[in-house]
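Participant: Chains as they are written, first to last, in the working numbering: chain A, 1 to 267; chain B, 1 to 557.
Rather than coming from a laboratory, the hints here were simulated on the basis of the structure.
Restricting the straight-line Cα-Cα distance to at most 35 Å, the calculated cross-link-like pairs of lysine-lysine (DSBU-like) are: (1) K463/B x K221/B; (2) K50/B x K333/B; (3) K248/A x K50/B; (4) K248/A x K333/B; (5) K463/B x K82/B; (6) K463/B x K333/B.
Stretches of chain A that chain B covers, calculated by requiring three or more beta carbons in the stretch to come under 8 Å of a beta carbon on chain B: (7) 35–49; (8) 220–226.
Since this is a predicted model, take the numbers as computed values, not measurements. Even glycine gets a Cβ: it sits at the ideal position worked out from N, Cα and C.
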Amino acid sequence: MSGQPSPTSAEVKACCAAAYSRDAVALVLGESYHPGGLALTRRLATALGLRPGGRVVDVASGPGATARLLADEYGVTVDGVELGEPAVERARSATDEAGLSGSVRFHRGDAERLPFPDAIADAIVCECAFCTFPDKAAAASEFARVLHPGGRAGITDVTVEGGLPEELRTLAAWVACIADARPVAQYTEILTKAGLAIVSIEEHDGAVARMIEQIEARLTVLRMSAAGRLAAAGVDVDAVMRYTALAKQAVADGLIGYCMLVAEKPA
Amino acid sequence: MGESSVVVGNGRGATAGKQQRDEVFVEYTKSVCPVCKVVVDAQVNIRGGKVYLRKRCREHGWFEALVYGDAQAYLASARFNKPGTIPLTFQTEVREGCPSDCGLCPEHKQHACLGIIEVNTNCNLDCPICFADSGHQPDGYAITPQQCERMLDAFVASEGEAEVVMFSGGEPTIHKNILGFLDAAQARPIRNITLNTNGIRLATDKTFAAALGERNGRHGKSINIYLQFDGLDERTHREIRGRDLRTIKRRALDNCAGAGLTVTLAAAVERGLNEHELGDIVEFGLAHPAVRAVSFQPVTHSGRHRQFDPLTRLTNSDVIELIAAQRPSWFRKDDFFPVPCCFPACRSITYLLTQGTPGEADFGVVPIPRLIQVEDYLDYVSNRVVPDYAVREALEKLWSASAFMGTVTTEEKLHAAAEALNCADACGVNLPEAVANLTHQAFMIVVQDFQDPYTLNVKQLMKCCVEEITPDGRLIPFCAYNSVGYREQVREQMSGVRVAGVVPNATELQPLLAESPYGSKIARSQHRAGNRHRLIGATNVGRRAVPGMGKPWETRR
Numbered sequence: 001m002s003g004q005p006s007p008t009s010a011e012v013k014a015c016c017a018a019a020y021s022r023d024a025v026a027l028v029l030g031e032s033y034h035p036g037g038l039a040l041t042r043r044l045a046t047a048l049g050l051r052p053g054g055r056v057v058d059v060a061s062g063p064g065a066t067a068r069l070l071a072d073e074y075g076v077t078v079d080g081v082e083l084g085e086p087a088v089e090r091a092r093s094a095t096d097e098a099g100l101s102g103s104v105r106f107h108r109g110d111a112e113r114l115p116f117p118d119a120i121a122d123a124i125v126c127e128c129a130f131c132t133f134p135d136k137a138a139a140a141s142e143f144a145r146v147l148h149p150g151g152r153a154g155i156t157d158v159t160v161e162g163g164l165p166e167e168l169r170t171l172a173a174w175v176a177c178i179a180d181a182r183p184v185a186q187y188t189e190i191l192t193k194a195g196l197a198i199v200s201i202e203e204h205d206g207a208v209a210r211m212i213e214q215i216e217a218r219l220t221v222l223r224m225s226a227a228g229r230l231a232a233a234g235v236d237v238d239a240v241m242r243y244t245a246l247a248k249q250a251v252a253d254g255l256i257g258y259c260m261l262v263a264e265k266p267a
Numbered sequence: 001m002g003e004s005s006v007v008v009g010n011g012r013g014a015t016a017g018k019q020q021r022d023e024v025f026v027e028y029t030k031s032v033c034p035v036c037k038v039v040v041d042a043q044v045n046i047r048g049g050k051v052y053l054r055k056r057c058r059e060h061g062w063f064e065a066l067v068y069g070d071a072q073a074y075l076a077s078a079r080f081n082k083p084g085t086i087p088l089t090f091q092t093e094v095r096e097g098c099p100s101d102c103g104l105c106p107e108h109k110q111h112a113c114l115g116i117i118e119v120n121t122n123c124n125l126d127c128p129i130c131f132a133d134s135g136h137q138p139d140g141y142a143i144t145p146q147q148c149e150r151m152l153d154a155f156v157a158s159e160g161e162a163e164v165v166m167f168s169g170g171e172p173t174i175h176k177n178i179l180g181f182l183d184a185a186q187a188r189p190i191r192n193i194t195l196n197t198n199g200i201r202l203a204t205d206k207t208f209a210a211a212l213g214e215r216n217g218r219h220g221k222s223i224n225i226y227l228q229f230d231g232l233d234e235r236t237h238r239e240i241r242g243r244d245l246r247t248i249k250r251r252a253l254d255n256c257a258g259a260g261l262t263v264t265l266a267a268a269v270e271r272g273l274n275e276h277e278l279g280d281i282v283e284f285g286l287a288h289p290a291v292r293a294v295s296f297q298p299v300t301h302s303g304r305h306r307q308f309d310p311l312t313r314l315t316n317s318d319v320i321e322l323i324a325a326q327r328p329s330w331f332r333k334d335d336f337f338p339v340p341c342c343f344p345a346c347r348s349i350t351y352l353l354t355q356g357t358p359g360e361a362d363f364g365v366v367p368i369p370r371l372i373q374v375e376d377y378l379d380y381v382s383n384r385v386v387p388d389y390a391v392r393e394a395l396e397k398l399w400s401a402s403a404f405m406g407t408v409t410t411e412e413k414l415h416a417a418a419e420a421l422n423c424a425d426a427c428g429v430n431l432p433e434a435v436a437n438l439t440h441q442a443f444m445i446v447v448q449d450f451q452d453p454y455t456l457n458v459k460q461l462m463k464c465c466v467e468e469i470t471p472d473g474r475l476i477p478f479c480a481y482n483s484v485g486y487r488e489q490v491r492e493q494m495s496g497v498r499v500a501g502v503v504p505n506a507t508e509l510q511p512l513l514a515e516s517p518y519g520s521k522i523a524r525s526q527h528r529a530g531n532r533h534r535l536i537g538a539t540n541v542g543r544r545a546v547p548g549m550g551k552p553w554e555t556r557r
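Pulled out of the complex, with its shape left as it was, chain B reads as follows (with noise of 0.2 Å):
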């Protein structure tokens, strides 16, 4: 930020005749002020082989954030892109343009593989990096049967027959109708359930972990878990929780296990804390019988977090390099490809096919994109002729931010890819029928860089494919939600207390922050924004994104 943050090429003295930019211009697009959310222009430039957005709010000056750090990859990853599919309903007009249309509108470019229904702000921790502000709160909210309902009737009106939601929160294990929400989901055309947890309630009430057991699987539609688990560190633990959550994260796994749950380890990682944690984190997944995916998350800088850098944060593909590096004997960079509904660099993936335990004799693992060559079917700008197109359709499913381990829709379509491994019965050896039969053995890892509002690029918002249900019943693209003031708007509503804007708690924005109420950081009321600079069509839009967020020193509308 600040007018010293670009120098391109420019004042070097006029008698050096004309001078080179340092860097690539590759996309111009729209995007937010981290501090105001006023909805600003934006360039998208390579440097240094690493990407980077940039913007100007004409109030706060100039911002500049990591988007990708290998630029190649972001680049390649550009063909990974699938025609997107249109939802049966939409919840808006288009009026203002994105992101101030959420949603979805009809400018939106894909429907909704994931919905997400927050059931509460109340959470049994007060973690020091939270994107959804929660804790120990007096004044958040908590819905009722009757909105979940409507969440759940929205989405099934925007989809028909809707693949996953996830139930999270606050913690939504804590809130008195958790089960009555998954029967109200599961009564409802919607094929499976991913509850988002810290795994406290899962740890020390087997009632409750055999309750979910009950359900999983009950008209063939499963519930899975979603565990937070950033590590095996105590500092990790601490750092990111603010308690040491070991044991508890243990013995809600075993719980799990015990229940036949399946989970996913979901890992927020931050760079300088525990992104040398990242092998040690699969490997423990591969140990564990509950354990069939991790997902992996550069923490999101919205909500609370510690300070961080824009220009150093971790992206997808430094995760995914950080992967390969601390088990090369496993993973290439290149086992991973871009995840097409979405906007591929949002989204990477990779399935594993493995066997026995790691450390023992008999372990054995194969990434599956060394046995199918994936870009020949995921490659969409490339391949108008696919070898086979029910691997492809299978392929689709699994490299898609509705799969999730444990569900029957993604055991079938691992099932089916193995269809692809074509050759004969050779020396009595069937290979797809043999790859099927590990198939239920298969891991699966996800690397998902949620965008925040310094990162934020309407470009891949436009085609997000996660979605945050509201209880209004709109359906808001989740780094939205997160990033340009949905979630404050949706917060001040429903518990009728103010709610100031957060503000990324970047280094060189500390002069400008002040605490909130939550622990995230807000803007400090002598630099108040967003009204005072409207002037459409020049290099800004000129209002906020969101225009009912508050601030603590504006009056309430």
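The following block holds chain A by itself, in its conformation from the complex (with noise of 0.2 Å):
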């Protein structure tokens, strides 16, 4: 990378943190939603091969709809992990009234150090989030410490082939899940050095393209019923709408893509 300075670890983490949970960020992506929906989702879960009674850790569990959602319809207890204790605090308060806080739990921690013993898990679910974590290599080790043998990690990630425009290389470009993500051979690279063996990669890049497009649409309204709110809180559309436009343009010119990535660590 040239000219900007990368953003130091702990700023990323902080600002992603802080971002998904109260910043103009999170008022622009919404917390809950991640690229592909809940359709990518269950795609991810049946890649996964999850079975009634298996165990689940959600990495990046945000407010918990996946959790939830793998517990309900897969039968499976769910743990997820949580940078930002407000967003663990929602989730929690959102599976107790959805009545499914015996299958589900959420935990405060970080995807480089997760709080799990070794090989507890059937499976690992990463959406949307890989691509925020500083220490790509840590986390994917993390992954594989956690899992037992013959487990899988499930990662829905957005890829960048190539050079990025410049403008995509901020720190505010970072918590959009633009700016740190790689492509799809250094994803698989780095699980494969974690010591866990690629099963499937699909390409699903209509999904990345549609969440820019949600961006856009929560930005214009944003405008048209807050304009003087976000002024004072110093949040500048045009310039937001600008990267939008240079992410859309990347995504059409192939740069920019979201992926699915499934890997099994040896029995």
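Using the hints, build the complex out of the two chains.
Facilitator: Put into structure tokens, the structure is as follows:
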């Protein structure tokens, strides 16, 4: 990377955690949304071969919609891990309301130091979050450590092939899961080096295009309904719209995409 | 029609070996012969990326019609299908099977989201296009206050608390008792009324508009206007309505705005006529203070209409593609989602959040499906678990045949749907609240392809949630009423004048057609049909859907 300096790991972690609970980026991204929606979550669950009674770790579980879906539809128990305390609290209360507290728990924790002993999980899911982890190799090693032999890790995430436009490499773009996204080949390399064997790779580029359009729709609504408050909070809608326009073009050009990766810990 | 219309991989010579069919067979169903209305078996096939319904009458041969212009969208829509709700009462028994037992019979799969009362057959226009075959006619009928009350009571008996009743006709505003009918509806557990009108009385009689305005919102119940509005070109008016009504429509809308009435523009859309005006109609609606919705309806080839080709008729997906093509900066075709309460191929809806006036600097528009993953809530096949059940309930009421802008229910549900935009109070902005503040400017776009005698598919009919309430207290699915002979039956019963079965004015049927007294087409007498082929158990069911339907040459029973 050239030009803008890369943010430090601490900056990125703090920014991501804050962004997904209360700052302007949360406002435009929404907190439970991930590209592909429930349909891609189900596809991932199927690829992981989840069976009733299995144990799943959801890394970067957000408000817990995926954890609840997996518990309810696949009969698994789920441990969600999330960096931000407010998100953990909201996930717990939504899960209480859904009557799923018996099978879904949430923990405050870091993907690079998962709060679990070795070899306890049948599967790990990590949706639209791996690319935000500053030390991806450490996170992948943690996945391998927590999985028991034969267990599978399923990752859906943004991919970036080749160079991104300069403007998309700033801190603000980090939290939007863009600037530190990697080519598919790098993700597979990271997972392989951590001792996981790649089982399948699928492209879902349409999902990221739709996410960007959703961000634009939210921004437009905000500009229509709360322009004054946005300006007071220092949110420059036009500036964010320039990012999204660049990002959309990058998707169209094949620079930005979305993939679903499944990797297995050898038995 | 005829022997030549179906050549499916046969007759290409014995030496060529086995041939591939040029289509994918996807459904086996029932329909009617468009000429004699005998119930016949039918099949749905996908060919060239489009969906066709094909059927054969023993007497009149093969018929085929386009039912959906985008096969991918047709198949994808199947998931947007909600389990039906059982009505409190059924009015008929299952005897002959669908579509002969209307209705509703116990085999019907859905309750009535919308009940329609046609108060008369008379109209102050004689439009070249009118599925009701109405006009200045000496031999029609008008319902009495007692009949209206009975019809309302039948609706309430079936629904308990009904969401919407629509008064239609004919032209309901020229019925001398129309205000009394509205009062009778408001006196019953019916939440909202929609008045379907050509707008002439609203344009010319401010007292009438004011009388509606006084009743709107009384006891928390709304009266909304469903204004026939097919376009802005003079030619559109002359070809569809027989007169240039542009000034009248504007006056009617201004009087509605003055009386505080909310209006849905209802556009009949016909190929080669006004299909280029869809974006303009939306834009006109967005700019007028009374208008909160547009309903686009491909012309129903029942009753009176222009000559047409069933294979190139407009369908829902065609209309959606035209809207998107005409206003690409506002719409994409995937902004529209099928309505799950009826059969999902019948109706699609989108909602817009808007601000300002089109063409002005502050104008903004966002289709709600770009904010919410609608399929995560309304895909009933995939989703056992949905992210938020209150949001699903809100979206169900919005993506429904009972949704009309101007009703309390629709406003409340727009508000509730905003809760799906879950995000914490960020930057001092609560997004759900911000969106809720915009919902009073929300704008609804409906695309509804009603079935006709060519396209009728009982699979769709069995889950229809738009019902015609008849003076004898039946609830008949709208498309059955217009396509299989019930309209003629009811008119004959009510007027005492024999009514011939209406036949679509299709190009291929021209040699068989004669003019009815009302301007629609009927079968010429030498092509009498119906009673000679009753081979039940063979391909065709063998009898007419509605036996009481008269022919000019038949003796009335």
